[in-house]
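*Asks:* Sequence:
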Amino acid sequence: MEERAANISKEMTLLKERMHQHQYKSTPQRDEIADWVFRTHEHFTVEELIASFREKGKKVSQATAYRVIQMLLDLKLIEEHDFGKDYKFYEHTPGHDHHDHIVCMDCGKIIEFADSSLETLKEKITLKNGFRMKKHHLTIYAECTTCPPEKRVLTRRET
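Once you know that position 149 of the sequence shown is 149 in UniProt numbering, the rest is easy, because the numbers rise by one and skip nothing.
Since the hints were derived computationally from the structure, they do not count as laboratory data. One should not assume that every hint holds.
Restraint ranges, calculated between C-beta atoms of paired labels, are given here [claimed, not checked]:
| no. | residue 1 | residue 2 | range |
| --- | --- | --- | --- |
| 1 | Y141 | E119 | 46 to 54 Å |
| 2 | N129 | S61 | 42 to 50 Å |
| 3 | K128 | G57 | 15 to 23 Å |
| 4 | Q62 | G84 | 18 to 26 Å |
| 5 | L121 | P28 | 44 to 52 Å |
| 6 | Q62 | I125 | 39 to 47 Å |
| 7 | L118 | P28 | 23 to 31 Å |
With a Cα cut of at most 25 Å, we get these calculated DMTMM-like pairs of lysine to aspartate or glutamate [what the hints assert, rightly or not]:
| no. | residue 1 | residue 2 |
| --- | --- | --- |
| 8 | K59 | D97 |
| 9 | K88 | D35 |
| 10 | K76 | D100 |
| 11 | K16 | E42 |
| 12 | K135 | E119 |
| 13 | K76 | E123 |
| 14 | K85 | E123 |
| 15 | K88 | D106 |
| 16 | K128 | D106 |
| 17 | K109 | D82 |
| 18 | K122 | E79 |
| 19 | K16 | D97 |
| 20 | K88 | E11 |
| 21 | K88 | E42 |
| 22 | K85 | D100 |
| 23 | K122 | D86 |
| 24 | K76 | E143 |
| 25 | K25 | E79 |
| 26 | K56 | D31 |
| 27 | K134 | D97 |
| 28 | K134 | D100 |
| 29 | K76 | D106 |
| 30 | K134 | E123 |
| 31 | K135 | D106 |
| 32 | K128 | E143 |
| 33 | K25 | E11 |
Cβ atoms here follow ideal geometry from the backbone N, Cα and C, with glycine treated the same way.
All chains, full assembly: derive it from the sequences and hints.
*Replies:* Structure below.
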């Protein structure tokens, strides 16, 4: 628990440094939203962020939430993911190693994974084709084995 608190403190310090470098003003609401983001260990949507604040009796407008998310993207403190839905998912990046994702097309479950042999293969493919890899995102869309068959049929009709 103390280690996690120390990490959040480091992440908030990094936020303050980058805000200063990029001339963003610090406000209590920006800090509170950023703190929530850094404490969240799951992929999240802006709607989930807003709902979490409302559950605590705090008001955050949709416009403010999106502005803070855009600021965190600009400062490279979060990443945006499009997992084939009508909305974006986000995750904070400080303190997290590179990883890829597997997304269940039926239930929406998201799994993070890292595989050094896969990273080596991606690098080889990039070089073989005359490129030097700078960054990448790999998302595998699949069916998880725990989804019941009736869930699969229902979800497929909806999409």
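*Asks:* Next step is simple, just say for each hint if it's right about the structure.
*Replies:* Hint check:
no.: 1; hint: Y141 / E119: 46 to 54 Å; result: violated, 20 Å
no.: 2; hint: N129 / S61: 42 to 50 Å; result: holds, 46 Å
no.: 3; hint: K128 / G57: 15 to 23 Å; result: violated, 56 Å
no.: 4; hint: Q62 / G84: 18 to 26 Å; result: holds, 22 Å
no.: 5; hint: L121 / P28: 44 to 52 Å; result: holds, 47 Å
no.: 6; hint: Q62 / I125: 39 to 47 Å; result: holds, 41 Å
no.: 7; hint: L118 / P28: 23 to 31 Å; result: violated, 42 Å
no.: 8; hint: K59 / D97; result: violated, 33 Å
no.: 9; hint: K88 / D35; result: holds, 20 Å
no.: 10; hint: K76 / D100; result: holds, 18 Å
no.: 11; hint: K16 / E42; result: holds, 23 Å
no.: 12; hint: K135 / E119; result: holds, 11 Å
no.: 13; hint: K76 / E123; result: holds, 23 Å
no.: 14; hint: K85 / E123; result: violated, 29 Å
no.: 15; hint: K88 / D106; result: holds, 17 Å
no.: 16; hint: K128 / D106; result: violated, 35 Å
no.: 17; hint: K109 / D82; result: holds, 14 Å
no.: 18; hint: K122 / E79; result: holds, 20 Å
no.: 19; hint: K16 / D97; result: holds, 22 Å
no.: 20; hint: K88 / E11; result: holds, 22 Å
no.: 21; hint: K88 / E42; result: holds, 13 Å
no.: 22; hint: K85 / D100; result: holds, 17 Å
no.: 23; hint: K122 / D86; result: violated, 29 Å
no.: 24; hint: K76 / E143; result: violated, 31 Å
no.: 25; hint: K25 / E79; result: holds, 21 Å
no.: 26; hint: K56 / D31; result: holds, 16 Å
no.: 27; hint: K134 / D97; result: holds, 15 Å
no.: 28; hint: K134 / D100; result: holds, 15 Å
no.: 29; hint: K76 / D106; result: violated, 31 Å
no.: 30; hint: K134 / E123; result: holds, 10 Å
no.: 31; hint: K135 / D106; result: violated, 28 Å
no.: 32; hint: K128 / E143; result: violated, 31 Å
no.: 33; hint: K25 / E11; result: holds, 17 Å
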